[in-house]
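Visitor: Based on the sequences and whatever the hints tell you, model everything.
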Amino acid sequence: MNILYDERVDGALPRVDKAALLAELREQLPGLDILHREEDLKPYECDGLSAYRTMPMLVVLPERIEQVEALLRLCHRRRVLVVARGAGTGLSGGALPLEQGILLVMARFDNILEVNPEGRFARVQPGVRNLAISQAAAPFGLYYAPDPSSQIACSIGGNVAENAGGVHCLKYGLTVHNLLKVEILSVEGERLTLGSDALDSPGFDLLALFSGSEGMLGIVTEVTVKLLPKPQMAKVLLASFDSVEKAGRAVGGIIAAGVIPGGLEMMDNLAIRAAEDFIHAGYPVEAEAILLCELDGVEADVHDDCERVRRVLEQAGATEVRQARDEAERAKFWAGRKNAFPAVGRLSPDYYCMDGTIPRRELPGVLRGIAELSAEYGLRVANVFHAGDGNMHPLILFDANRPGELERAEALGGKILELCVAVGGSITGEHGVGREKINQMCAQFNADELTLFHAVKAAFDPGRLLNPGKNIPTLHRCAEFGAMHVHHGRLPFPELERF
Amino acid sequence: MSPSSFDASAELLEQVNRAIAQRTPLRIQGGGSKAFLGRPVEGEVLDTRRHRGIVGYDPTELVVTVRAGTPLAELEQALAEQGQLLACEAPHLGAATVGGMVAAGLSGPRRPWTGAVRDFVLGTRLITGHGKHLHFGGEVMKNVAGYDLSRLLAGSFGCLGVITEVSLKVLPRPHASTSLRLAMNAERALSKLAEWGQQPIPLSAACHDGEALYLRLEGGEGSLAEARRSLGGETLDSGFWDDLRERRLAFFADPRPLWRLSLPNAVPPLALPGSQLIDWGGAQRWLKSEAGAEAIRAIAAEVGGHASCHGAGVCDSPFQPLPAPLMRYHRQLKAQLDPQGIFNPGRMYADF
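Protein chains in written order, with our numbering: chain A, 1 to 499; chain B, 500 to 851.
These aren't lab readings, by the way, just hints derived from the structure by calculation. Among the clues, some could well be false.
Pairs of lysine-lysine, DSS-like flavour, derived with a Cα cap of 25 Å [as the list claims (entries may be wrong)]: (1) K691(B) to K226(A); (2) K171(A) to K230(A); (3) K171(A) to K181(A); (4) K246(A) to K235(A); (5) K230(A) to K691(B); (6) K235(A) to K332(A).
Guide: The structure is reproduced here in structure tokens:
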């Protein structure tokens, strides 16, 4: 079932006359940069989920918050749809434009307003890149902990909207755990402060509610993040296993030993081979699974933890345990993991990255299930897994130029996510729902739960003007998806155009 | 005698549905240990305590799922048996339940370093104002499907629904712990804390009582020995932190009303109208004072913080009033999730 906005099942959208709106914007916001010609709009037709594209009606690139304020007031008055976008690196189509909407690009708000080492916080504009915050804090021995793999490019406003994660979440938390305060503009253009400069704020915890709300409740205009002292030392162990089950047991054993690693990653054989072929990280290509375990903190503790973990790995049946001898080797071990996606990309013209989470104990069963589905759909799947926090990234290999393969990849991906839900997990750990997983939301939540989500939306944006159609499916969509799902198990309407 | 595990959700749901039909306000109550906090609620009591027991606990998953009426002490005991803990160190202040802990959202001395109650909430079951028993979030560390209603419920004082079950992230107990007392004035203590905060020192609690700085260090034996050497001071009994968390220190016996000031962590010592105790490394300051709410709040607001009154019946708005636009969105959210206004009306603010 197509995931592009479909008014028939996703709800009717208000119509605006593009020329009239453009004229009004130019008159009321004379300094605002507006793109309206097809060739200028084209680069904005998708975000990081590039298989899906929709041309926005207009793109605006404000440079002052007052412009955003005035824009929102105008759009509210005229009932114009607004889709906010940061750096456009999101993997779930959360910033996928609407044909009848304005794409509000916040990327030009890229100033770091304050780095306060005594208070251990940084106050930044929403377009500031994730990594730039840590770089600005580095002279003080501080850093911003959440590190999504796109951290070179992704912006903090988008991180808030998606509640972005990364490889260090088990120990250091998600974006929501590392925020103090967010300035918001409501759909009506009112300024709201969520959270505070203190550790909490009066009233409901709207900062938590807005984190991961995918630009549907308000527009982020400023973010105050917590900074942490950089760990004194980080060591990484690389363990090889001849079965995924053993690697899974080792993960449980590490936790049971009272150790919370800074990072704990697992890769299966296909991913190991792809990474080794690409990066030459020194991975054991015969292993069925490897674990990368990073231990960070104060020097004396890191050494003790390394010994504890080594014992656990050996007891769990690791065929080999290697500790990176120096920073260069540590970087190399990580390079293999961090380049796993592009490495897998070399095996196949296209790949589709999933983002389900599961209780870790379910890992062996879920991997078996994925292998069976992979055989059933005739598509290879490489598995990369944030083992510490149960976040899986199965990568489905396909060739979009072969008729039907994208559809098969999507259908296989959907099945994998439903498998995650069935064992008590979630369809998305860190990439967000966006449009990509809009149908799988119907598997994770029942109609009453979805209705409550719509009620939350109605409290902040009753006119459905902010990023409509993302994150929460309509009951109509679920009814249709559920109905066809049971009967076919594969996407119907193959004649429908797909992008 | 109540059994240690019992699913009473059906009767709770029935009571809520009756209240919705008759538009009767409900006063949601667990152990009643935080009854002093917030405004008084007129309504029929909905007692969660029959709905109790640990539903699932797998220590290697670092997740426990508990019914709301479970005594907090019982949960802590079960975790301790597996060498784990609730890192937010929530205060009991009486016969606290797990549901009440989440609804009140109060956290203990470890909060600035490991997080608040809300930071450990992974999932909840909730009876809503539409008379449904629903499930949000889950038992996994990462989950961004849909809006994060579970964390929103932390600190919502039952105003958005009845929490019936909660999944919490738990952590291993630190390998080692040691506590210190260093005689120094508040000014020096806060400036030292700002300095240490930028270094990887394994602090997990920091309190100043006007005369001395009290520190707790937690981590591996190696790092503790190192920090102990560089910090100096005399050894302190770790019971101090329980007394601080449970408000049993002599400071709290002062008969004047208790105020909590939540401030940015680098605020220097403040002249406050009464006696004070600094916790959370400076980010939480307790004040015993007869001064008026407006005066106390003006001081807190001046430095970017807020103040709440922790004494029952002292002032009509124990929580800091919200700016008008924010209050409007609070009312709208309340109206959407609890359209009949039956859940703890007025507990947080007179407006809802």
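Visitor: State the violated hints by number, sorted upward, taking the hints as numbered earlier in the document.
Guide: Those not satisfied: there are none.
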